[in-house]
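Participant: Given chain A, work out where chain B should sit, using these hints.
Taken in sequence, the protein lines are chains A and B. Here the first sequence is numbered in this note's numbering, starting from 56 and rising by one per residue. Here the second sequence is numbered in this note's numbering, starting from 56 and rising by one per residue.
Calculated directly from the structure, the hints in this document are not laboratory data. A quick note: this is a predicted structure, and the numbers were derived from the prediction, not measured. Some clues are possibly wrong.
Identical copies look the same in the list; a pair holds intra-copy or inter-copy alike.
To be verified - Once the Cα atoms are required to be at most 25 Å apart in a straight line, the calculated DMTMM-like pairs of lysine to aspartate or glutamate come out as:
no., residue 1, residue 2
1, K393, D198
2, K248, D179
3, K488, D67
4, K248, D421
5, K248, E188
6, K351, E136
7, K241, D520
8, K472, E495
9, K213, D271
10, K351, D134
11, K351, E338
12, K393, E199
There are 2 protein chains.
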Amino acid sequence: MLVEAEVGHRIDKQTYVKAVPTCREGLIDAQYELSRSRRFATIVLLTGVSSAGKSEGVNRLLTWMDPRYIDTLAIGREDTEEQRSRPYMWRFWQILPPRGRMTILFEHWYTLPVWQHANGEISDAELGKRLAEINRFERMLTDEGILVVKFFLHITKKQLRQRLKHLASDPQTSWRVTEDDALYVKKYKPLMKSIEETLRLTSPGHAPWIVTEAADRRYRELTIGQSLLGAINARLDASAKPLGINRTRSYVPLAALDGRSVLSALDFAKCVASPRTYSNKLEALQGRLSQLIRDKRFMRHSLILAFEGCDAAGKGGTIRRVAQGIDPRLFRIVPIAKPSDDEAARPYLWRFWRHVPREGRVTIFDRSWYGRVLVERVEALCPEADWRRAYGEINDFEADLVASGAIVVKFWLAITKEEQLRRFKDRERRPFKRFKITKEDWRNRERWADYEQAVVDMVARTSTDIAPWTLVESEDKSFAHLKVLRTICERLETTL
Amino acid sequence: MLVEAEVGHRIDKQTYVKAVPTCREGLIDAQYELSRSRRFATIVLLTGVSSAGKSEGVNRLLTWMDPRYIDTLAIGREDTEEQRSRPYMWRFWQILPPRGRMTILFEHWYTLPVWQHANGEISDAELGKRLAEINRFERMLTDEGILVVKFFLHITKKQLRQRLKHLASDPQTSWRVTEDDALYVKKYKPLMKSIEETLRLTSPGHAPWIVTEAADRRYRELTIGQSLLGAINARLDASAKPLGINRTRSYVPLAALDGRSVLSALDFAKCVASPRTYSNKLEALQGRLSQLIRDKRFMRHSLILAFEGCDAAGKGGTIRRVAQGIDPRLFRIVPIAKPSDDEAARPYLWRFWRHVPREGRVTIFDRSWYGRVLVERVEALCPEADWRRAYGEINDFEADLVASGAIVVKFWLAITKEEQLRRFKDRERRPFKRFKITKEDWRNRERWADYEQAVVDMVARTSTDIAPWTLVESEDKSFAHLKVLRTICERLETTL
Chain A
56 MLVEAEVGHR IDKQTYVKAV PTCREGLIDA QYELSRSRRF ATIVLLTGVS SAGKSEGVNR
116 LLTWMDPRYI DTLAIGREDT EEQRSRPYMW RFWQILPPRG RMTILFEHWY TLPVWQHANG
176 EISDAELGKR LAEINRFERM LTDEGILVVK FFLHITKKQL RQRLKHLASD PQTSWRVTED
236 DALYVKKYKP LMKSIEETLR LTSPGHAPWI VTEAADRRYR ELTIGQSLLG AINARLDASA
296 KPLGINRTRS YVPLAALDGR SVLSALDFAK CVASPRTYSN KLEALQGRLS QLIRDKRFMR
356 HSLILAFEGC DAAGKGGTIR RVAQGIDPRL FRIVPIAKPS DDEAARPYLW RFWRHVPREG
416 RVTIFDRSWY GRVLVERVEA LCPEADWRRA YGEINDFEAD LVASGAIVVK FWLAITKEEQ
476 LRRFKDRERR PFKRFKITKE DWRNRERWAD YEQAVVDMVA RTSTDIAPWT LVESEDKSFA
536 HLKVLRTICE RLETTL
Chain B
56 MLVEAEVGHR IDKQTYVKAV PTCREGLIDA QYELSRSRRF ATIVLLTGVS SAGKSEGVNR
116 LLTWMDPRYI DTLAIGREDT EEQRSRPYMW RFWQILPPRG RMTILFEHWY TLPVWQHANG
176 EISDAELGKR LAEINRFERM LTDEGILVVK FFLHITKKQL RQRLKHLASD PQTSWRVTED
236 DALYVKKYKP LMKSIEETLR LTSPGHAPWI VTEAADRRYR ELTIGQSLLG AINARLDASA
296 KPLGINRTRS YVPLAALDGR SVLSALDFAK CVASPRTYSN KLEALQGRLS QLIRDKRFMR
356 HSLILAFEGC DAAGKGGTIR RVAQGIDPRL FRIVPIAKPS DDEAARPYLW RFWRHVPREG
416 RVTIFDRSWY GRVLVERVEA LCPEADWRRA YGEINDFEAD LVASGAIVVK FWLAITKEEQ
476 LRRFKDRERR PFKRFKITKE DWRNRERWAD YEQAVVDMVA RTSTDIAPWT LVESEDKSFA
536 HLKVLRTICE RLETTL
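Here chain A stands alone, though its shape is the one from the complex (with noise of 0.2 Å):
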């Protein structure tokens, strides 16, 4: 889930500048419109390691807004007296803001949890158990009218490690450097794994978390204030409406302010020196592959490898590179197209939990379950409230399928949309592969920044720890090839 948080996102003075004084107005007028008709109360919760600027960014939230109206606590690890002597809970039923306040947490109900489970004091079965609580107890602010939004800003920790070193060198803010500070440097990764798994499993529609990339203060300033100012936007028109119908109605999380994205971050010139290089190395990594595959170990696992791209991109090719490396008595291509009517008759995910391979064997989806977030989302195939959902739901299959030994692979192969042109093109041309390219085609060629923004999202919120995505840079077809079976080799000896 924070993949795509790791670009480098970054906003420039120019357009900083440019653009606060509006996203001050819009958040002042919200603020003032919620004091006067008390319609709902606003719950920010901010997350993320020291330095992380989650201060900066509430400081300055407090410059753009009427700090009248805001309450700011840190309510989490320690214990006051009072707090200690009754339930656990009751520290956050003490500061709920009442209707047309806005309360900010810094430190909050997932503080301890996290952080105990990154200590190694509580199970994952305890982690999943609490974070099952949270979610019942935001299911209720947010069905009781209260608007909750969640911030997890993010830094690597080699930038949480500057930003340390900066600060500690410099004797002015030295003194900000503490203990704690040197524990999350040392805890970071134990962290960042109980911080994904908890972003997948308390990301519901109502109340989804929105993972910003801390790095550049102007980028991490300006997505906090829009986003939240978003977030009170819908839910003022949401509540504009009939009592019943559309209340829980909430915010989704912004494209990204400074049109970078995963896909803008690839570098689309890798290539692949000269055939021969191409031809000796695919021959050792298939080899490679084809071992893997017959080892006594993997017999206790399945492999299941999930084939996304735009058209053109290369898909066919590539799996077949990928195919002649396995055993053919043990895998499986499934192609994924319109479904059947015994498909479109039941759960959308049961025609895909119908190929699950059992253990020892390989299933390839040719296109996948992330048809309803791509496709079906970009024309309109399925109501918005469906593919909403799908990215929950296809977190918790592959969450299934892992958990049984499975290992999930899935590419997403990228070209440019020049390159997508000279494909079509050729393909037109060569008499035996304009079976390739239908009006279809062309026609979802229009919609290429919906597809991308489909992809950026898709990658953001079910890139996780348990079934990353790998982005392919396939304007080589070549070293599409190569990058592709590296992946999969380097996962499979990784768990094996």
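Facilitator: Quick look at chain B alone, frame taken from chain A:
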């Protein structure tokens, strides 16, 4: 959650014979409508110890309906080779019915976790995590349009033992008694504890459990038939509406078919032999309570008493008698009336959280958080959706309290409608009591039956292992005082 299923529900032959044809006709009509229109699929889960009547229930349904559109399966504890080598949930995905069909499951996704928890093989946390996963799975099924109807058929340990004895004594049926059955008797108590926990955590509005007393064959079968019919018809009504609105609206468990209830099962003739006995016992109990509260071990707990009852049931007098047994520095009485402005601006439960006592202290609520499912439900003071979800929220609230060491004791003071009339008239006659009776009291009295149903539902859905309801026969006030005090003392003694 099981108390309402232990009141001795039964239906006589005549009523049964009269009711069955209508029920059958309704079921067949609904079934054909569904197989024609293919609007949605139905999954029926049957849960209960062996001999609770699961198979007879299914056989009856198959006689009443057209079995060609129904699949009956048991998938849960036993693995096939096919299933073992794939993710656990795969087996359930395989048997999802297509739209227009019905699947009845004797064993299902609850079977294994409940059984493992009862056997001590998995921890409370692991059960909680698994139930959260089940909730997500059922939520997905509902969102995908499948109707999920869940029955728990309840028989007491005594009834179970009798049935097995009865079956074993007859050579014709003795083959039906297996080793498994003996295990059910032996494990009855832990099993019911696991089931209580499961019912409490998996009864969302879209797929609530229907807890059915199963001792009487006719009552059991008719309840299953009528409830299923009600659920299908509710969904047929809802799915006739435009997509997106009310699509997940689900059924509501029916009122008991025989008119019996926990209230009608009370013996209102209970009384105290003489004033002398009363005052002796009262004093003794107050002394016992006083000692318990001063007990060192109570310093790690707190006591929360909730008093509910219809008008003139004697709440005030009873609370006074309890309070006399506690050091005044240690308790507070919180009368609950209309919410203040402060309270109305926050989630419903906020005003009760405010008064949660610290360790070593006692809070007595004169009326309580149950107002939402009593007066607010009956007088339509809140939208239906709000009081429907309140049962689950209240159970969560009390679970939070109990987890922190609080002892939660809840009383419903019950009197007959005739006794209420006598007390109202008495109050009107005596000038010093006249302030106690208002027009509203007379008005509430007109809705006696609605209030009674609300009380029955409240007890059925919120009388949990961790915070059970005590129904107090209050026709004789002295008897009520003693029963309440005794209950409090016993709960304290069990916990300390």
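Participant: So, for every hint listed, does it hold in this structure?
Facilitator: Tested hints:
no.	hint	in the structure
1	K393 / D198	between (37 Å within a copy, 21 Å between copies)
2	K248 / D179	both (11 Å within a copy, 23 Å between copies)
3	K488 / D67	neither (46 Å within a copy, 76 Å between copies)
4	K248 / D421	neither (30 Å within a copy, 47 Å between copies)
5	K248 / E188	both (20 Å within a copy, 19 Å between copies)
6	K351 / E136	between (57 Å within a copy, 19 Å between copies)
7	K241 / D520	within (19 Å within a copy, 43 Å between copies)
8	K472 / E495	within (16 Å within a copy, 73 Å between copies)
9	K213 / D271	within (14 Å within a copy, 69 Å between copies)
10	K351 / D134	between (52 Å within a copy, 23 Å between copies)
11	K351 / E338	within (22 Å within a copy, 76 Å between copies)
12	K393 / E199	between (41 Å within a copy, 17 Å between copies)
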